[in-house]
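Q: Letter by letter, the chains look like this.
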Amino acid sequence: MYAQMIKTAGTGVKSPEEMTEEERRFQARVDANEKIEPKDWMPEDYRKTLIRQIGQHAHSEIVGQLPEGNWITRAPTLERKAILLAKVQDEAGHGLYLYCAAETLGVSRDELTEQLLSGKMKYSSIFNYPTLTWADMGAVGWLVDGAAIMNQVPLQRTSFGPYSRAMIRICKEESFHQRQGYDIMMKMAQGTPAQKKMAQDALNRFWYPSLMMFGPSDKDSVHSAQSMAWKIKMNTNDELRQKFVDQTVPQADYLGLTVPDDHLTWNEERGHYDFSEPDWSEFYDVLKGNGPCNVDRLTARREAWAEGQWVRDAMLAHARKKAATKVAAE
Amino acid sequence: MKNEWPLWEVFIRGQHGMSHRHVGSLHAPDAEMAIKNARDVYTRRNEGVSIWVVEARHIAASSPSDKGPLYEPSESKVYRHPTFFDIPEDVGAM
Amino acid sequence: MTRDQALFEFLCRMGDNTLILGHRVSEWCGHAPVLEEDIALANTALDLIGQTQLWLGLAGEVEGEGRDADKLAFHRDAWDFRNLLLVEMPNGDFGRTLMRQFLFDAWHTILLGRLMTSSEPRVAEIAEKASKEAAYHLERSADTVVSLGDGTEESHARMQAALDYLWPYVGEMFVADAVDQAMAEEGIAPDPASLRPEYDALLGRVLKEATLIIPDSHFAHKGGRDGRMHSEHLGHLLTQMQWLQRAYPDARW
Chain A
817 MYAQMIKTAG
827 TGVKSPEEMT
837 EEERRFQARV
847 DANEKIEPKD
857 WMPEDYRKTL
867 IRQIGQHAHS
877 EIVGQLPEGN
887 WITRAPTLER
897 KAILLAKVQD
907 EAGHGLYLYC
917 AAETLGVSRD
927 ELTEQLLSGK
937 MKYSSIFNYP
947 TLTWADMGAV
957 GWLVDGAAIM
967 NQVPLQRTSF
977 GPYSRAMIRI
987 CKEESFHQRQ
997 GYDIMMKMAQ
1007 GTPAQKKMAQ
1017 DALNRFWYPS
1027 LMMFGPSDKD
1037 SVHSAQSMAW
1047 KIKMNTNDEL
1057 RQKFVDQTVP
1067 QADYLGLTVP
1077 DDHLTWNEER
1087 GHYDFSEPDW
1097 SEFYDVLKGN
1107 GPCNVDRLTA
1117 RREAWAEGQW
1127 VRDAMLAHAR
1137 KKAATKVAAE
Chain B
572 MKNEWPLWEV
582 FIRGQHGMSH
592 RHVGSLHAPD
602 AEMAIKNARD
612 VYTRRNEGVS
622 IWVVEARHIA
632 ASSPSDKGPL
642 YEPSESKVYR
652 HPTFFDIPED
662 VGAM
Chain C
9 MTRDQALFEF
19 LCRMGDNTLI
29 LGHRVSEWCG
39 HAPVLEEDIA
49 LANTALDLIG
59 QTQLWLGLAG
69 EVEGEGRDAD
79 KLAFHRDAWD
89 FRNLLLVEMP
99 NGDFGRTLMR
109 QFLFDAWHTI
119 LLGRLMTSSE
129 PRVAEIAEKA
139 SKEAAYHLER
149 SADTVVSLGD
159 GTEESHARMQ
169 AALDYLWPYV
179 GEMFVADAVD
189 QAMAEEGIAP
199 DPASLRPEYD
209 ALLGRVLKEA
219 TLIIPDSHFA
229 HKGGRDGRMH
239 SEHLGHLLTQ
249 MQWLQRAYPD
259 ARW
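Protein chains in written order, with our numbering: chain A, 817 to 1146; chain B, 572 to 665; chain C, 9 to 261.
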C-alpha cells in the first residue's frame, strides 16, 4: 500500500441529518457508485484528503524508483537489466499518472514535489529500507508489489474518476511486476547455496516491512470510516494485511523459504493464517525519518530536483522564444 | 508556480482504426515536446499509432450541472440502439 | 585475419557501443530533471540494451565458441571491449549526457542506414530494427540539445562546455583500421571515413540552431574501438556491471 496513515480531513462520518443538501446529494452519488469528476461539487474535506492520498501515492512511486534503481547497473544479465529498467520506468510512469490525477484537484505537480522535498508530505515507509543483494529485486517485486496490488486493485473502483482511471492503468501495467519479482525469487531459491541464502535473507528483511505497508490497525478509526464512506479507501488495513499473508505464505512454501515468524500458523477455524504483528515502534521511527535510508532517499530526490532546475527552466525558455518567433512571423 | 511546464492532455489512436482516445496527461514545454513525451510515456506498450496533444487550458468542457439537459434527452431515444429491434433469428446475422 | 574474425570484431564494436552507452543512460533512472525525461531516457537505454543483445548475440554466433551475448558482456575485461571512448565517458550533468547522446545518435543513425544494405543479411536485419529506434533517439536528443543550447544563459554555457569536453571523442568514429577495411571490402559495413560528410552536415545544422560553436580542432582521442587504450572510466563501469557474474560464476540468474 503506497498511501499510509493518510489523515482524513474533517470530523468523521456525518449522519444524513447532519449533512447539507449538497453533501447529501454527493454522498448519494458515491453510494450509487457514480464517479465524482473534477468539476463536480465535492466536500472540501474530500478534496483535501484525496490530494494527500493521491499525492503520497505518487511520491511513493517516485521514491520507490530508488531502491530498485540501485541495482539496474548491477543486474546480472542483459535481460534482467532490461526487465528491471522497464519496471522502474513504469514506476516513474505511475507517479506521473497519479500526479496528473492530483492536479485535477487544483494542486500542481511542482507544489506536491516541493512538499515531498520539504518533508511535509510522506511516502510509503517501505522505500526507506535498503536493497542489499540481487535477491532483494525479487523480494521487492514479490512482496512489496504484491502488497501494493492488494490495495490498488480495489482502488480501481474508487469514487474519484481521475484516481480510478489512473489505478486502472497502473494495475494493468503492474501485472508483470510481481511476477518478475517471483521469477527472480524462484531462480535464486533454486540456485546455488549462496543464491538461496540471499533469497532467504531478502525474505527475512522484507517480510515485516511489507506487513507495515498496510499501516497499523484502523478498524476503529473514525478517519478511516470517513474515507471508506467516501470510497477512497476500500478495505481496512487489517483486512488487506490478512489477505496478503494468506496469499504470500503458500508462495514462500513453494520457494522452500521460511517466513520469519515463529507464530505463523494456519487457523482452521478462521480460515486464515495467524501471524505476528510487525514492530510498530520501528514503523513510527521510519515515518519520523529514522529508517535506514530516509536521509539517502530524500537527498537523492532533492538533488535530482535541484540539479534539474536549469534544464526545466531552459526548455521552457526555449519554447517561449520559439513561440514568440512564430507569432512574430505570422 | 510560474515556471512549471504546462499541462497537456494526450489522445491516442490505437492500431485498429478506432478514434483517438484520451489516455492521460503530462507536462511539456511545448506541443512538439508534448508529443514526444506522450510517445515515451503513453505508448510504452505499443498502444498507439497516432498522438494528439492539446494544452489542458484550451479544453472547453461541459459543466456538470448541465448533465441532465445535455445527456438525458438521448436516454429516451432507445430506437437509436440496435437492440431495440427484434429481428427473427431466421434472418441471420444483422 | 579471416572474414569471420573481422566480422566478430565489427559486431563487438556495434554491441559494445550500445552496451556501454545503454548502461550509462540507465544510470539516470530515478534521477532525471523531470519525470517525462526520466521515462524517455529509460526508453533509450532499453532500446540500446535490446540492440546489444542482437549485436553481441550475433558476435557470439560468428565466433562459434559458445559465447552468448551475456558471456561477452559480463566476462570480458576492459581491453577486450571495442566501444568508442565517447560512450564510456561519465554522464556529467544532464546537458552533457544529452550532448553525448546526440553526438552518438547522429553517427549511429547514419551508420545504421548504410548497414541496412549490408551484404551480410544478419547485419542488415539488425540494422533495420535498430535504425528505427536510433532515428527516434536522434530526434529527441537533437531537439533537447537545441532547447538547452538556446534556452538560458546558464544552459547555453553548460551545453557549450559539454560540446567542448566531448568533441575530442568524436573523431574516433571515423578512423578506419584493418577491420574496417575488411568489412568495407566484403560490403558488410561502410568505410567509417565515408560517413563524415553527412555527419558534419547534420551536426552543423543542429548545433547552429542550438547556438553552439563546434570547436576548431580535429584532434581525436583514440583507443576505444580497437581496445588499445580505453579511459580509466571503463574499468569502473565494468566493475559494477560485471560484479555479480564475476563474484558468482557458477550461478544462473
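Hints listed in this document are in silico derivations from the structure and should not be mistaken for laboratory results. Please note: incorrect hints may appear among the correct ones.
To be verified - No more than 30 Å apart at the CA atoms, straight line, and that leaves these computed lysine-lysine pairs for BS3-like: (1) A:1035 / A:1047; (2) A:1003 / C:230; (3) A:988 / B:607; (4) C:140 / A:1138; (5) A:1142 / A:1104; (6) A:1047 / A:1059; (7) B:648 / A:1142.
Q: Next, verify each hint and record whether it holds.
A: We went through each hint and held it up to the structure:
1. Restraint check: the Cα-Cα separation between residue 1035 of chain A and residue 1047 of chain A comes to about 15 Å, which is no more than 30 Å; the hinted pair holds.
2. For the proposed pair residue 1003 of chain A and residue 230 of chain C, the alpha carbon gap of about 42 Å is over 30 Å, so the pair is violated.
3. At roughly 23 Å between alpha-carbon atoms, residue 988 of chain A and residue 607 of chain B fall within 30 Å of each other, so this suggested pair holds.
4. Pair hint residue 140 of chain C plus residue 1138 of chain A holds up; C-alpha atoms about 28 Å apart against a cutoff of 30 Å.
5. For the given pair, residue 1142 of chain A sits about 51 Å from residue 1104 of chain A by alpha-carbon distance, which is inconsistent with the 30 Å threshold.
6. At most 30 Å may separate the alpha-carbon atoms for a hinted pair to count; residue 1047 of chain A and residue 1059 of chain A meet this at roughly 19 Å.
7. A C-alpha spacing of about 48 Å is found between residue 648 of chain B and residue 1142 of chain A, which places the hinted pair above 30 Å, so the restraint is violated.
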